Amino acid sequence: MIVQLLISSLVIGSIYALLALAMSITYKASEVPNFAQGEMAMVSTFITFVLLSTYNFPFYAAILGSIIFAFILGVLLEFVFLRRAKNPNPLSYIIITIGFQLMLYGLAAWKWGSEQQQINLPFSESKVIYQNDAFAVTELNLATIVIALIVLFIVYLLIQKTKLGLAMKACQQNVNAAKMNGISANFIMLVSFGISSVVGAIAGILIAPIITLDPSMMWDPLLKGFAAAVLGGMKSLWGVVLGGFLLGIIENFFGFYISIEFKSVVAFLIIVIVLYFRPSGIFDKHYVRKV
Amino acid sequence: MRDLKTNYFEDLQLFDNRVQVFWATVLLLGLFALPFMVKSYYLTIVNLMAVNVIVALGLNLLVGNTGQISLGHAGFVALGAYTTVFLLKMGVPILIAMAMSGVVAGLFGVLLGIPSLKLEGPYLAIATLAFGLAVTIILGRVDALGGRMGISVPKINLQWTGLKYDTSLYYFIIIITIIAVIITRNILKSRIGRAFQSIRDSDIAASAIGVNLTKYKLYSFAISAAFAGVAGSLWALYLGFINPTLFTFILSITFLAVVVLGGLGFVAGSVMGAVVMTFLNLQLENVVDIPILGSIVMKFSEMFMMPDGVSNVSWVFTGLILILVVIFEPLGLYGIWLRVKIYWKRWPF
Chain D
1 MIVQLLISSL VIGSIYALLA LAMSITYKAS EVPNFAQGEM AMVSTFITFV LLSTYNFPFY
61 AAILGSIIFA FILGVLLEFV FLRRAKNPNP LSYIIITIGF QLMLYGLAAW KWGSEQQQIN
121 LPFSESKVIY QNDAFAVTEL NLATIVIALI VLFIVYLLIQ KTKLGLAMKA CQQNVNAAKM
181 NGISANFIML VSFGISSVVG AIAGILIAPI ITLDPSMMWD PLLKGFAAAV LGGMKSLWGV
241 VLGGFLLGII ENFFGFYISI EFKSVVAFLI IVIVLYFRPS GIFDKHYVRK V
Chain V
1 MRDLKTNYFE DLQLFDNRVQ VFWATVLLLG LFALPFMVKS YYLTIVNLMA VNVIVALGLN
61 LLVGNTGQIS LGHAGFVALG AYTTVFLLKM GVPILIAMAM SGVVAGLFGV LLGIPSLKLE
121 GPYLAIATLA FGLAVTIILG RVDALGGRMG ISVPKINLQW TGLKYDTSLY YFIIIITIIA
181 VIITRNILKS RIGRAFQSIR DSDIAASAIG VNLTKYKLYS FAISAAFAGV AGSLWALYLG
241 FINPTLFTFI LSITFLAVVV LGGLGFVAGS VMGAVVMTFL NLQLENVVDI PILGSIVMKF
301 SEMFMMPDGV SNVSWVFTGL ILILVVIFEP LGLYGIWLRV KIYWKRWPF
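Chains as they are written, first to last, in this note's numbering: chain D, 1 to 291; chain V, 1 to 349.
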């Protein structure tokens with residue numbers, strides 16, 4: 001049973017990890033916790049759904065289409081709304097992303113209704129790949145974990161091994177010094193929001209078959225993803241990913257052994273307790289602001 | 001009209017000049033005459049506005065004046081509402097039940113405040129958010145409080161006023177709201193309020209001049225939560241039936257939106273924000289009935305969207321208003337009011 005629980009923890013944990021990573025990318029670039037992340041992922045997932053079922057696109061073309069859409073949506077949020085803020089402070093950024101979240105939610109509920117839809121991915125939940133006495137792995141489980149790991153690896157390569165990633169890191173550490181070295185900080189912000197939106201969209205597409213597809217589908221996962229990012233430490237790339245898996249494990253094991261009803265509560269209470277001892281998450285250094 | 005203040009006691013006065021006294025009296029008389037002029041449906045709208053005003057006042061103390069964010073105020077409102085229902089069922093008088101709601105919510109505010117002392121930005125946001133969700137989920141599982149199905153609120157005894165129940169409830173809520181406004185305003189003019197503002201502007205500088213950060217941050221959380229608790233108590237009375245799904249994350253966000261729309265850090269801002277936001281929400285829920293906008297929205301809806309989902313337009317407009325306010329008018333409605341006032345003072349020069 002433990003192995004089975006571990007598998008389901010890894011599945012949900014990998015989705016939390018993707019969402020946490022998406023939150024972390026924008027937070028590192030701009031100190032904005034992007035509350036619209038979930039709704040952006042939801043709309044992108046709906047785009048996949050429409051491309052698949054209404055226009056009968058082949059699966060990979062639909063995924064490609066929604067990834068491009070997600071990138072544009074992220075760029076839009078940064079370029080049209082966040083960049084225009086007068087005298088910005090963290091609170092006003094938070095409000096802008098919340099406003100964007102409400103707008104996207106309203107538009108999606110207006111367009112697609114609040115009824116639940118079914119998205120058809122080529123991996124099914126009923127097809128069992130491996131099975132023995134103790135546990136079974138379905139195709140969907142495996143695909144979710146593998147795709148999530150691939151995306152995490154690509155983002156890792158992008159940030160650690162490319163010039164773009166170097167520029168992103170430079171902007172995070174010191175915007176003015178980065179600008180003096182010829183990096184366009186505005187462009188980096190745009191790309192960061194685009195990438196983060198794409199990562200979020202993939203998480204949305206992966207979670208859609210597990211929960212059902214409707215405009216409020218990302219509320220809970222987004223809060224969990226955000227919580228996972230905070231648990232690991234918003235600014236540490238490894239931290240947020242580990243935080244995601246950790247949250248998945250805590251939630252599933254508590255839900256099975258103690259109480260399924262209080263599953264979500266415990267996840268959040270643990271976060272409050274962890275933050276009490278480590279105010280910047282488990283894997284991040286806590287810097288006290290100097291005068 | 002003299003605008004310059006020459007001593008501290010002038011700063012403490014509730015009204016700066018006679019003109020303000022006049023308009024405040026007009027407003028009060030208007031509020032008290034309202035039940036005799038309009039139908040009781042409009043009274044319920046004013047009740048809802050008043051409840052939102054109380055939450056906004058408390059939240060504005062925390063967010064606007066102390067600079068700490070909270071995404072969990074729905075949790076405090078829920079605590080207040082459920083405490084009141086529980087005590088009313090036990091036969092406790094409403095005033096004591098309401099006070100207890102404030103106290104319980106305030107204590108939980110301190111409880112949340114303690115781990116939040118060291119937190120900033122997104123970490124504080126997630127801690128408060130977690131608290132709000134946890135409270136709602138736990139309250140929703142207590143069978144003595146109705147569980148997931150909800151619980152009906154006993155009607156309070158207001159027959160001694162000799163008025164209809166709706167009317168006397170309206171007076172009750174309005175009086176509490178006015179008291180809350182005056183309390184908030186006085187807090188801000190006192191040592192505590194100035195300590196709050198110094199923490200918001202720079203916590204390091206504040207502690208250097210002797211502001212006890214722990215104490216005042218906890219005060220801020222406690223007062224803010226107590227206001228939300230009292231508001232929850234009144235909200236329960238006004239709704240007559242509460243269930244856990246009322247107190248969602250979206251409700252917390254709406255409260256934050258009210259404060260930002262009204263103007264961070266201003267008492268008048270909280271009031272304006274709550275009144276305008278409540279009104280807008282009620283209007284936008286029936287957007288089709290609005291004269292010109294309604295037909296445009298409907299036509300658009302038939303062309304591109306689903307016509308039955310048209311009530312969701314309220315989300316779109318709420319979001320858009322929030323974004324536009326933050327981008328173009330960071331001081332919110334109060335900022336607009338200030339600019340208009342200054343413009344007319346010197347008009348036409």
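Heads up, a few of these hints could be off.
DSSO-like cross-link-like pairs, simulated, lysine-lysine; straight-line CA separation at most 27 Å [what the hints assert, rightly or not]:
#1 V:Lys-341 to D:Lys-86
#2 V:Lys-89 to V:Lys-5
#3 V:Lys-299 to D:Lys-111
#4 D:Lys-169 to D:Lys-86
#5 D:Lys-285 to D:Lys-86
#6 D:Lys-235 to D:Lys-169
#7 V:Lys-118 to D:Lys-235
#8 D:Lys-86 to V:Lys-89
#9 V:Lys-155 to D:Lys-285
Source of the hints: derived by calculation from the structure; they are not laboratory data. Predicted, not measured: the structure shown is a model, and the values here were computed from it.
Now for the hints, and whether the structure bears them out:
no. : hint                   : verdict
1   : V:Lys-341 to D:Lys-86  : holds (22 Å)
2   : V:Lys-89 to V:Lys-5    : violated (51 Å)
3   : V:Lys-299 to D:Lys-111 : holds (14 Å)
4   : D:Lys-169 to D:Lys-86  : holds (25 Å)
5   : D:Lys-285 to D:Lys-86  : violated (31 Å)
6   : D:Lys-235 to D:Lys-169 : holds (11 Å)
7   : V:Lys-118 to D:Lys-235 : holds (17 Å)
8   : D:Lys-86 to V:Lys-89   : violated (50 Å)
9   : V:Lys-155 to D:Lys-285 : violated (54 Å)
Consistency with the previously given hints fails for numbers 2, 5, 8, 9, ordered from lowest to highest.
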